[in-house]
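K.L.:
Line order of the protein sequences matches chains W and Z.
Just so we're aligned, residue 1 is where the first sequence starts under the numbering used here, counting upward by one.
Just so we're aligned, residue 573 is where the second sequence starts under the numbering used here, counting upward by one.
Bear in mind the hints are in silico, worked out from the structure with no lab data behind them.
Remember, it's a predicted structure, so these values are computed and weren't measured experimentally.
Check before you lean on any hint, since a few could be wrong.
Only pairs whose alpha carbons sit at most 30 Å apart, straight line, appear in this in silico DSS-like list of lysine-lysine [said to hold, decoys possible]:
id, chain 1, residue 1, chain 2, residue 2
1, W, Lys320, Z, Lys645
2, Z, Lys711, Z, Lys684
3, W, Lys100, Z, Lys711
4, Z, Lys811, W, Lys205
5, Z, Lys697, Z, Lys773
6, W, Lys410, W, Lys100
7, Z, Lys773, W, Lys320
8, Z, Lys645, W, Lys321
9, Z, Lys761, W, Lys321
10, W, Lys538, W, Lys467
11, Z, Lys711, W, Lys331
12, Z, Lys773, W, Lys331
13, W, Lys128, Z, Lys711
14, W, Lys128, Z, Lys697
15, Z, Lys811, W, Lys321
16, W, Lys483, Z, Lys591
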Amino acid sequence: MTDRFETHEHDVLIIGAGGAGLRAAIEAMAQGARVGVVCKSLLGKAHTVMAEGGIAAAMANVDTADDWRTHFRDTMRGGKFLNNWRMAQLHAQESPERVKELEHWGALFDRTQDGNILQRAFGGHTYKRLCHVGDRTGLEMIRTLQDRGVQMGFDVFMECTILRLLTVGGRIAGAFGYWRETGRFVVFKAKSVVMATGGIGKAWKVTSNSWEYTGDGEALAYEAGADLLDMEFVQFHPTGMIWPPGVAGILVTEAVRGEGGILTNKSGERFMQRYDSKRMELSTRDEVARAIYTEVKEGRGSEHGGAYLDISHKPADYVKKKLPSMYHQFKDLADVDITAGPMEVGPTCHYMMGGIRVDAETARSTLPGLYACGEAAAGLHGANRLGGNSLSDLLVFGRRAGLAAAEYAKGIAQPSVDTAQIEESERGMLAPFERAEGESPYAVHRDLQEAMQDLVGIFRVEEDLKKALVELQKLRARANRVKVEGSRMFNPGWHMARDLQHMLTVAQAVTISALARKESRGAHSRIDFPKNDDTWGKQNNLIRKERGEMVLRQESTRDLPDDLQQILAEEK
Amino acid sequence: MAEATLRIFRGDQGGGTMKDYRVPVAPGMVVLDALHHVQGHQAPDLGLRWNCKAGKCGSCSAEVNGRPRLTCKTRMDSLDLTQPVEVRPMKSFPVIKDLATDVSWNYQVNKKIPPFQPREGVEWKMQQHDVDRVQEFRKCIECFLCQNVCHVLRDHDKKAEFGGPRFFVRVAGLEMHPLDGADRIPLLKDALGIGYCNITKCCTEVCPEEIHITDNAIIPLKERVVDEYYDPVLKIVKKIFSAGR
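Excised from the complex, chain Z in its bound form (with noise of 0.2 Å):
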């Protein structure tokens, strides 16, 4: 059977080393079955994390050869074997142990998003139409890659300021729900800071479930809060209608 070298950082906080792995290639393998082989017959304390092995779950997310990518969707054959395959955690984010990563930062940025709250008396009804661009950003599995590239958080560690990208895809399929009433535009460009945003595209590019990310969920939002703060006409049209009230 074919073999190739897995070349994996091990190690934690306090630093690490590259080690090499050689495992057996069988047809149609992945990264993970890969890294699973290392963990089975080589190195069972090997930190990782994944649940389905399907594109799923978004748990398995990694470097591999410098792409950021889910090792369950990555195939070896993919990959030239004649060199070793580097897999190595996510950069953006602290490392806890090898190939596992310190994500929490997500989950409090969560936090800071109002839920759906439904507009009072609205009638359960809605359109195929209508849902099928929310519909898009209900598919993110949080696998952070698109947080991972975003050289906001990548490269300027803005963690404070700036939610990024996976959390404008939530912002955009509640604010784009049909039946939404709440306002998150001032949350967007305060706590969010989405100005931070100068439309690379990098996180569209690695997104798994290929979610239009920045096309149908940033620059919609940018948009919104263009015209809430800083569209001059659309100023004075709201202070004539308040005043009207």
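Just chain W, with the same shape it has in the complex (with noise of 0.2 Å):
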């Protein structure tokens, strides 16, 4: 019956073509495994490639008492605790190693005097620690992995979307998807899978996130069975664009604030300092988007409805030269010279902490022959991330889950793709042609994430919550009952039907563990439980579905070894 598709075989399959993916596609194939890499649009326009600020690693080129100890402890406060420990010091630990070898391959770092890789100051980062070229670092990073993927000669299937996992006895079996151009289904076979999709962010009105970060990664491994962590964990990025209104949302490097931006209201008041007298610009993205929005709040904000960026109390010529696409953004888009005022800046939403939850040392996931990378994991960020430890994260756990997804595949013969599974899905992507009548899917959308902004948004309350429960519900309905027009052919409509179910799944998870975690703590601030709770500091809420139905339970954290307890001890 799967002679009905095309099919393709191979031992380790990536979906998502980000830092993460690609990352993880290079060290499969260095392990001689057959490695396919899907991704919704064309190689190398992922999420990575907006990424501005840089890439965290303790090499202490600038700031030479900068070490591993230092980054795992800042990584580990930044996340308030929360964070998996041995993720964290993975990290710490490999980062350096995995920028070298970037360079290794042919990307060009901003240099030091003594020609090293330049590393710039960010948001509880002890030390200047982010290797960095302009604001510009993820296009370098990603056009450096995609050039070394496409040498070693992966296959790349471009603006194929995956529909489903498929699993044979409880393990994987490979993916069934379709081709984003003809709409034609396509069958992928493979002994592992490597999950990185990356965000959830288009559940939200005002994002920094591109069409694509519909939450596929973390609601289809859902569906095949894999567990959830800490979904309530949603960063909203301190500082998005906010006027005019079409570009409301679009990122403002944190990079302004590290290289000396100041952050100041309506009365030209400097506010951290009421925030976080010690780091001021340079707090955590939790602190300074809470400080914003409660000053917006409060009666104190800018003239739209946000608070003044200015880095123009540096030289014009050095704002162009190390925040060059930031400079054009507001030129070109707001009519603003940031060389000569202040930008006006808001909370977005970026970026998703929680996810699909893996073990520390391989990126496996819970179920076998899963893997998951990126931001679609979860456990290295706890309960909020500091800026520039996202790259690093691509880099170090797409690496070991490209080797543990190859490793895995080894050790087995290639499973038989149940058609019953794959039946079942086409019959669901079909259905929205076959209704005569029914609402667009952009009409639910745009429903969803008014719902999510306004009741799951930077501070929530029970009773919000439980009123998006709700109307999650409605939605689901309504999503369940979408019309589509036209034909198969490149129909962006008929994608949306589809994504829209993830992130109805997604965005289910997130209120409900939201609901469940009755403190606040990170990016999760509950107005009806503002402190942080220590019975909730060491517990992660988990997801997992059970007969059907989306069930949350707690499980307890592992404690540190005295070790890295030690770590977290030292002051500095």
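Put the complex together from the two separate chains, hints included.
P.N.:
In structure tokens, the structure reads:
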């Protein structure tokens, strides 16, 4: 029956071609695996391309006192100690090596006087730690990885969307998807799958995320039976553009603050003084986002309801050199010259700390044969991610996932796929074409974004979260009845009909996790529980599909070993 | 609220028509916003590509009133809204549907280019001033607008013999990398056909990243090809040196 479909066979199938997916692919190929990479957009357009500020790695090129221990401690503190400590340790230890590797593959970072990789300051990092290329570090990284992968010869399936993971006897057997161009279905048989699909930000209205960020990886893994972890932790980046309306949400890199940018309110007060007088603008993202939000709420916001961010006290040439894309972004889109005056900024939905639960060493999920890395995976960042720790995360755990997925594939035969799973998925995907009546998927998406923005935003309260659950139920019912116009050829409305289902699944997971966590920690701020709670500080929220229902339970975190405990205790 | 008319190409390889859509115009709105409005309210099956909406990914290329542009960086208030705003797909690539074109040829060309190859025993130190000029080339976001306007591709369709400005920029980035040791000059002359370029600078004009494609990438590469293949004095010098080895 699978003869009906175009079919491909690989040892390791990688879903997602951002930094994590590409690094996983490179490593799996280095292990001799036959590797396929599937991505929703063209190669090189994934979200990594938009990462601006840099890659955090304790290379100590600028501040010689830096080492992995300090990076580890900063990461744990930033994550409010809910991080998987083993991931935080591996990440801090391995990042410098991963950055050097990029350089050896052709990446060109900005340089220090003595010819080494230059590092800049960033929020929550004790030392100047972010290796960067102006404010387009992600572009440099994705291009380097992409070219490396292409030269090694991976099979790339561009503009192809995965609809479901295929399993046999509770193990991975491959994936089923469609070509966006033609709408034809395609079967991927694989011994192992690496999920590297990124985040879920498109479920919110004000977001820095692209159309791709619909939580596919989290939802597909959940549907296949894998555990999700700490889904309540959604990062709102403090500085997105807010004016004009068309650009609302577009990211303004933290590097502006890293290079000395100052935040003020409408009366010119440097308000971070009142929220974090020690670190000021370079406080962690959760703190700065809450600070700006509070200033606006209490009537001290900027003209269009945000804060002013000013870097114009630095020489114009320096600003243009270190922040070229910010300079152009504001000049072209907002008629603001950032070398001459302030920008207006406000919080924007940016990053998912939660995601697929993985083993620290191997990036293995709880579903045999399924691995996850990058933003789709959870654990490293705990309750709040530090800027710069994402690009290093992609490299460190992308490599580990690729390695482990290839190892796993070596030990098993090519599994057969279950045709019933494929047929079910095909029917579901074609159903919207068959409905005579129904609303546009875009209308449902707009309402989902409004609901999540209003009810599950920066500050949360039980009443809102309960309301959100009711809304999500209604939205799900509407999503199940949408009608799609046109043909199967390159039809974004049809694609949205499906992506909507993923967004609804992750939105529900976020909301029930947020409702359960009766404390405030990192990016999760409860108005009704404004303090940290010691019991919750040692508990993860786990989500799993059981008998068709989304079930939430708590699990205790593992205690830190003495040597790591010791590092955290050191005051710096 | 003010309104504008978008006149959008709707069709596929078999042909198509220009269709009009009325959209509200908000302050600071870009053409991509207007296209999204059409998609969200009138034509959910409108085929187009986009990702970052901030000029960083190079996905949303199209021809706006005949000018090759990133639609995410083209402000509506920069256009004459008393007339319909025409949005067409890039002409040099086959249409898939509406504004989405088949750009796969570019990925094929890229595969021909030998990757970065560090010289043996190289020390991993570089000075910023040596890196600066290469970083200019590395800014490329692969929007393929330069490929779209290059007349060697657009008017003469020399896709089989010519690499196009995007890939001269890429080769320049590798050839001028301070630590690279590979030789891509024969590739430039033969497989990428750099000789076809007669430096009309159309590519430079449309580059949204403001890369000086012609002056900084193509001309220096052309000079290297000339030195290698057509300079009689250098040829003799090389002969003597290689004989002495």
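K.L.:
So, for every hint listed, does it hold in this structure?
P.N.:
Here is how each hint holds up against the structure:
no.: 1; hint: W:Lys320 with Z:Lys645; result: 19 Å, holds
no.: 2; hint: Z:Lys711 with Z:Lys684; result: 21 Å, holds
no.: 3; hint: W:Lys100 with Z:Lys711; result: 20 Å, holds
no.: 4; hint: Z:Lys811 with W:Lys205; result: 67 Å, violated
no.: 5; hint: Z:Lys697 with Z:Lys773; result: 34 Å, violated
no.: 6; hint: W:Lys410 with W:Lys100; result: 29 Å, holds
no.: 7; hint: Z:Lys773 with W:Lys320; result: 25 Å, holds
no.: 8; hint: Z:Lys645 with W:Lys321; result: 21 Å, holds
no.: 9; hint: Z:Lys761 with W:Lys321; result: 34 Å, violated
no.: 10; hint: W:Lys538 with W:Lys467; result: 28 Å, holds
no.: 11; hint: Z:Lys711 with W:Lys331; result: 18 Å, holds
no.: 12; hint: Z:Lys773 with W:Lys331; result: 25 Å, holds
no.: 13; hint: W:Lys128 with Z:Lys711; result: 24 Å, holds
no.: 14; hint: W:Lys128 with Z:Lys697; result: 19 Å, holds
no.: 15; hint: Z:Lys811 with W:Lys321; result: 44 Å, violated
no.: 16; hint: W:Lys483 with Z:Lys591; result: 22 Å, holds
In summary, the numbered hints that this structure violates are 4, 5, 9, 15.
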